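Asks: Chain by chain, the residues:
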Amino acid sequence: MKNNYVQILYFRNSFQGVPGEDRQHWRSFLVKLGADNLKGARSEELFVALQKSVYIVYAMLGDVSIYVVGKDEYDELTLSEVIYVIMSCVKDVCGKTPTERLFLDKYGKICLCLDEIVWKGMLENTDKNRIRRLTKLRPPTEV
Amino acid sequence: MASGQESSSTTLMDLISYDPMVPPAAPAPAPVAVPSTLGRPKSSQKQLVLHVFPKLAVYNSVDPSVAPSLLMLHQQCEDNNVLRYVYYYLARILSDSGAQGLSPGGGIPTPNWDALADIDAVGGVTRADVIPRIVHQLSSEATNADTEYHSRRLAALKALTSASPSNSDILEKIYEIVFGILEKVGDAKQKRRKGIFGKQGGDKESNIRSNLQYAALSALRRLPLDPGNPIFLHRAIQGILFSDPVAIRHALAIISDIATRDPYSVAMALGQCKFVYSGALHDILHLHDVLARVSLARLCHTLYRARALDARPDITSQFSSLLFQLLLDPSDRVCFEAILCVLGKFDNTERTEERAAGWVRLTREVLKLPETPSVKLKETDNPTAKVNMDKPSSKAKRPQPIIKLVMRRLESSFRSFSRPVLHAAARVVQEMGKSRAAAYALGVYDVDEGVRLHAYFDEPLDSELSRSNSEGTRKASLLASNGPGSMDTIASLLASLMELVRTTVACECVYVRAMVIKALIWMQNPHESLEELESIIACELTDPAWPSALLNDILLTLHARFKASPDMAVTLLEIARIFATKVPGKIDADVLQLLWKTCLVGAGPDGKHTALEAVTIVLDLPPPQPGSMSGFTSVDRVSASDPKSALALQRLVQAAVWFLGENANYAAAEYAWESATPPGTALMMLDADKMVAAASSRNPTLAGALTRLQRCAFSGSWEIRIVAAHALITIAIRSGEPYRLQIYEFLHALSLGGVQSQFSQSQLSNGEDQGASGTGLGSLISPMIKVLDDMYRAQDDLNRDMRNHDNNKQEWTDEELKKLYETHEKLLDLVSLFCFVPKVKYLPLGPPSAKLIDIYRNRHNISASSGMNDPAVATGISDLVYETKEDHKESEESNAIDPELAMAWAAGLEDGLLGNNAPAMEKVNEFLAGAGTDAPDVEEEENITSRPSVTYDDLWAKSILETYEAEEDDARSSGTSSPESTGSVETSISSHFGGMNYPSLFSSRPSGHGASQYSENRSNTRRYNSSTGGSNFEGMGSPVREEPPSYSSSVLQRFESFENPLAGQGAQSFGSRDEDTSSQNPQFGEALYDFTAGGDDELSLTAGEEVEIEYEVDGWCYVKKKRPGRDGRMAGLVPVLYVSSS
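From first to last, the protein sequence lines are chains G and V. Following the working numbering, the numbering of the first sequence begins with 360 at its first residue and continues without gaps. Following the working numbering, the numbering of the second sequence begins with 537 at its first residue and continues without gaps.
Chain G on its own, in the form it takes in the complex:
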């Protein structure tokens, strides 16, 4: 699968607190979900899934598959918001819809953005400008 590498890289930032073996299962599940549904999908078109009581919202962004997984208050609609923010930040960092190469080149910066969007498994910042400021180690409100 073309995007396998990217998916695995991205996965590192997910599943806070989920044990290692379960992460493997989840990864397989997500990869299969993507393989079944994302083929031919439009870029940024949102897909949804529910595994037991865990919500999954996922989408293709250029060459990259993005999965956001949540539970309870992080339902499909909240996750949609999260994935929009992530996609918007990734596009910002990459300067355009990312290719696999571009995504890997900018991976460090993308990780910083993710760190500002999701912090210890909770949604933190959703505003693009604020995230940009924070990734440059500037305070959320300029002083």
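Bear in mind the hints are in silico, worked out from the structure with no lab data behind them. Predicted, not measured: the structure shown is a model, and the values here were computed from it. Treat the hints with care, since some could be wrong.
When the alpha-carbon atoms are kept at most 27 Å apart in a straight line, the in silico DSS-like pairs for lysine-lysine are as follows [claimed, not checked]:
1. V:K709 <-> G:K479
2. V:K720 <-> G:K479
3. G:K495 <-> V:K582
4. V:K740 <-> G:K495
5. G:K411 <-> G:K391
6. V:K582 <-> G:K455
7. V:K582 <-> G:K450
8. V:K582 <-> G:K465
9. G:K398 <-> G:K465
To list a few chain G residues with every Cβ distance to chain V over 12 Å, as calculated [to be verified]:
10. G421
11. K450
12. D451
13. G454
14. K455
15. T456
16. T458
All residues carry an ideal CB built from backbone N, CA and C; glycine is no exception.
Here the structure of chain G is known, so what remains is to put chain V in place on it, guided by the hints.
Replies: This is chain V only, laid out in the frame that chain G set:
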């Protein structure tokens, strides 16, 4: 990779330093060499930012040996870009669990750094070495008030929160820092800017203050909740007035969490701060942050339904009013959350009453829009919200029935093209269905859905919006309409919505479709026609895109639906049948069988026949023919064209046959020991046809089951034939005449291979060579026939002897009686090899023998169930039986233990011996409890063969071997040695089978063994015990009592969780309650300290108070006081350490 520090670091560092963009002459610096780059500022720092740090990010964990370099950079570097990465990696080192390297979940795998460092001779760096240094450095930075370091201070505080919460020292330090910051900046009175993402405003000082407030509250949100700490609550409440919307969101989330545990304190604290009255909470309605408004909805819901605030309607009405206003929120997320809160859905632990009250609330409450223009939310982040927003203001201010607003909103959502929105809307409809079902089940919903919504304008609303807890009994209809002349009714609104829901099935996403089907199942009313739903499901299932997990999820939904409305048993079984026929290969046979069983019990005395028919109709299906995919829309055609599906269907049929054998007697209420007709000679003289006619006229249910089983016994595959033969002998042993004789004749003929011609005309052969005997069952059937032969022979002998004694007017000698008794016992043992029968009542020699056996027993003081040979004694069932009997003196005679009850216990214990973790039950429990963080199984092609299934070995193991083992009998007879048993195909494990709990009603066990069930779900157990009272017997054997365990049937059941009626009761069967509480002696104790109840189910104690300890679970004791406390409560939970047992 893990060969040592050197090799691993080489691998890592090589990769870090490798960069195709960098010419070989200038190798990239490894992180360990980072300090040396400090002297070469720009280029080195650029290289770090562009090449080194990004590459380090792709690894699964960060090598702690990089930490010293990072700390040095942290001290000396001034480049913000480098520092941002430094904070990022320091946080990752703090958060890495250490074991990650061994079990990587993602990223490029890394070794276990600590293990590598330990084996390094020179002495490597472990996380334990560096973490204190990191924490120290970050802490000192986080407390640095110098404005020059403002942004670094925020970043340091954030990084610190990544430390493991299990380290109390670090935790304490972070609390200290956070509260220190909040003490300085928390009290500031600031005017909140509308939308902070707009123009930057304010002076430098207030901006710094705002940033610190944000950082401190964000950190506080990540720290463990401290509900008993008033400062914690105070700081969180202060956060509502902060200017940063993210800080407000976190403040609300913290308050909402605390409110679930201590609503009274939160409400009082909010009241003291005059938030409710000064409109600070109302301002949040305008806040741009969606999650802040979601938290507000949850907070409002928690506070206005809190029983602790019953005496303060003034407070609760404020919160309910706020919640209703959130129904108009432009964001779907917020609006849906508000709808769920109105419906009484908060988490998965709501009681049925709460859900029922939710439906009443939804259908009866009205929303009066506030005077303030706050509803005119201009910042619509959702175009669909315009439906509500664009109304003329004069109209918008009219009171609106909530249900109408909700329906309109949902309708507009169902027109969305976004899959998540469709999915969420369907989920809300599903929750609506759950609340509606709860309302119907409790009978509190007395409003006719067909009645027009009344026009309503002038009535003051505050009183109506005030309370929610009493809705259940409120009679007055408060429905309002949008204006005069409106013909809206709840039914019409629902119909219009459901029409849209049904059309959503056309969505190409199976997950959305699954949610829609679940919603339809929940919204289906018992009295409504099922056809539409049935055809939708049948049509859907023909789509091969459905994953197995999703289909099983729907099956579990059927189960949950049944729990809510037992009178829908037959309807739901009809739906389940579609699954069995359409997608046999994709559904879990365990779950299906559990559904069968619970539905059969729930169908009640009148519906049992129909329920059994619905289950066993699977057996009437023609065998799948290759390429029979044409009957897409017919639910009576089997869609199992591929070999795997055919195999799965076969297993399903096998399970159904087993189910039939085990439960037919229960469904037909036909038992040999209760048979009204003794084995009369007249019946025996009848020829076979007349006997069948007599049988079916007497008990059509049993006769129907027999016919099906007979058909299966010769025409199915060999596995099915074996199970059918066993099912037949089970029925023969348990039934009276003429059924036993009918089966005897059939088995006899079957062993000779003579019946095939009778049936073969009506059945298609499956092409299998059925062996020389015609069925290949000879070796299996002969012991069955032998036992029946022995029984009939013994009966004949007894009749003859009795006649002789009567004719000669001779008394029975002790020797004769002894012989008779021995025969009785021997036959009982033999019979027990095949299936469970209540030994106390079962009379293999027929009813006439009862009197003689009693005489012998009385003479020799033999208890009916004494002796270790009796499995009931050996396994401890008799203890349970007699203890229960003591509690219920109304039993007619001392030995009259309800045999069915005993059978249920006995079979249940057998299951218990094999293992308590019935997988199907677990799945149901998990589903009902809303659990699911465990990893999903990825469906693979091979999975189908490994799915737990019914095998002959399993069946035999359960029915024969267990009894055999319990009895320690030599007679290793019957089918255990039959060649068929060794030829069993499946790999399914016996222990699994044991846990599987074949859905025999005879295996309805009380399962009161051990505290494991208690620990499973503390809250449930609490509820159960607090409401058990003296009704344990009623709960114990509902299959026996034939009472559907409906919500309305007893207080006990009403107290069960709506979402999770099974959890906590372990794998016990439907309706059968734990008898532990009845069998345990009460334990008394004394309160050691004062204890103040922190929740609804807790009990306040005063030191020295005497209490009765009911049980202990998870560190809590359920205790009863002798007299009510100041709060009027008698019983509840207290921490174990607060009481001493005497």
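Asks: Hint by hint, which ones does the structure fall short of?
Replies: none
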